[in-house]
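Chains as they are written, first to last, in this note's numbering: chain A, 1 to 341; chain B, 1 to 341.
No wet-lab data here; the hints were simulated from the structure. Treat the hints with care, as some may be off.
[As the list claims (entries may be wrong)] Covered stretches of chain B (in silico footprint by chain A; criterion: 3 or more residues with CB under 8 angstroms from a CB of chain A, positions within the stretch not fixed):
id	stretch
1	144 to 156
2	222 to 229
3	235 to 241
4	261 to 275
5	281 to 289
[What the hints assert, rightly or not] Derived lysine-lysine pairs resembling BS3-like cross-links, with alpha carbons at most 27 angstroms apart:
id	chain 1	residue 1	chain 2	residue 2
6	A	K228	B	K244
7	B	K259	A	K268
8	A	K86	B	K194
9	A	K259	B	K259
10	B	K194	B	K177
11	A	K194	B	K84
12	B	K200	A	K244
13	A	K312	B	K312
Note that the coordinates shown come from a computational prediction; the quantities given were computed from them, not determined experimentally. Every residue gets a Cβ at the ideal spot worked out from N, C-alpha and C, and that includes glycine.
There are 2 protein chains.
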Amino acid sequence: MNQTPRTVRIALDAMGGDFAPANEVTGAVECLRQCGGRFHVVLVGDEPRIAAELAKHDTAGLPLSVVHAPAVIDMHDSPVVAIKTKPDSSMVKGMTMHKQGEVDAFVSAGNTGAVTAASTLILGRIPGVSRPTVAAIFPSESGPVLIVDAGAVSDCRPQFLYEFGVMGSIYSRSMLKKSTPRVGLLNIGEEDSKGNELAKESYKYIAERKGTLNFVGNIEGRDILKGKVDVVVCDGFVGNILLKFAESIPGYLKHQFRKFADRGLLNKLMIGALRGSLREIFRDMDYTEFGGVPLLGVNGVTIIGHGSSPPKAVKNMLFRAEETVQFRVNEHIRESLQGQR
Amino acid sequence: MNQTPRTVRIALDAMGGDFAPANEVTGAVECLRQCGGRFHVVLVGDEPRIAAELAKHDTAGLPLSVVHAPAVIDMHDSPVVAIKTKPDSSMVKGMTMHKQGEVDAFVSAGNTGAVTAASTLILGRIPGVSRPTVAAIFPSESGPVLIVDAGAVSDCRPQFLYEFGVMGSIYSRSMLKKSTPRVGLLNIGEEDSKGNELAKESYKYIAERKGTLNFVGNIEGRDILKGKVDVVVCDGFVGNILLKFAESIPGYLKHQFRKFADRGLLNKLMIGALRGSLREIFRDMDYTEFGGVPLLGVNGVTIIGHGSSPPKAVKNMLFRAEETVQFRVNEHIRESLQGQR
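This is chain A alone, in the form it adopts within the complex (with noise of 0.2 angstroms):
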């Protein structure tokens, strides 16, 4: 992976999200239309089923290949077992591609865990990396901010909560273009006696290291969205928890308004005048934007999307890949981390 290719080749999982393979072809497609010099995309997955989506568009002149695998893992299998026991699943198969260098990167929005264990287990883990970890990005008042890990890991040793933070600082530094990113600890209180036995071990582990990131201390729940720094270092089970319940705000949100036009025809009208202003107000909190969240600290580049992604969200996704290869984010991982421990 330390090549950076002038067309930068990207095998999707064709069946990973809940419309597959509809949304993923039209996504690839919507991708390749708008800058189909840049990509390949290899569509891995049912090839009867993805021919009869591609159908559908004109896909003339596209750089578009089809490789069949036939299996799918979906969200009730055990992650491990599958990669083992689903060898001509699009997800092993579109990671074996991406391991054996005949795609620079691999991109899919079916189960979470089982993407994070076929990155872990095909491609191995950067030198120095102790756990992988699924990095999400949050709006705030001071722009995106990362939090680490938002569900690689549940259960968390201070070493692996101090990797979090250097690999989001390279990310947040190549993607987010944060020049010196502000590293804050996830906590109940600010002062370094707070927390639970992880948060406060963590803090004394993560101070100790302070020279190889910016680590400003604790930080609250309510500080991540005020932007009080750009990468927020948590365990994956917070993490995650967290990430969702925030994806649920503008469902709450749009329940709120719609309530409150339906009390009166005069709502009604103002909410409807509303409604393209509104879409822009809450924007950054609407994840299709993103598109997906890139597994850190694997040998390759891996991005995770939401089981629901439509057609926007994973054209994005092909962008994010695109980027975190050009970026070269894994050389800078390896760097940083060799030796560290």
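Here the structure of chain A is known, so what remains is to put chain B in place on it, guided by the hints.
Here is chain B on its own, set in the frame of chain A:
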């Protein structure tokens, strides 16, 4: 605390909040003006400062008294140490009055850790309760949802989480009028194999005691605002982070609306015209509406408020205290948890 007196006597920590005693005095006066007959409020704190605030209001005929307590426990004090070394603080004095039956409840917008510690040490726990819990209210599409624990216990055992569920159910039934509150364990997936070690063990522990509460299984972060359950069980670390995150949403939205308004006169006029409606739409997300949260499981009634509580929040905290006394929440907890261990 087994008697339900006709006039509820409430000790208010006049030195608790960030704007004490001004907001505390104003909130108490407003509350008493609204329904003086039902309350007697004892303002506990620095008498000269309280008197100076009271002089700003017309308090003639209001059932109000002052108890002098010059010391203050602030945000930087270690809770347990402060309680032992500051017997003449408003917190210790008010709580001791409650212990001795001079008042029926204690209300404070002070240091949450100190209020929790003072309640536990001075009032003691209800038999059968391992750890008292802070029960916070979240809005949802189907009405208020209770989060237990929202910050009292950072490191939990499965038994604590089960007891939080029992106490939360009782509070939800009594105060939020949910007849058979649905209890969910906050986790990162619905399957019982999901989660960190605590979540997995707690799932088993609670499922085995299903008869004593309406346990519907694991829920995810996205289910809270949807209103999928009435009581969300989690450890106080996760709960506190989530609570503070949720409380920061209105501020973030305000920022987004302001940014939109700043982009042009038309936008500004539109948002200006909508101000009242927006306030109505976002009202359920405003913590000052509910006022404060109870500490459940102690031998008494403790209501904890935000440090930044405005007078309206203080007023509503007093109402919450009254209801908690009237609905005999503690008796129900005692009956439910006795002999459960």
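Original post:
Hints broken by the structure, by number, lowest first?
Top reply: Structure breaks hints 10, 13.
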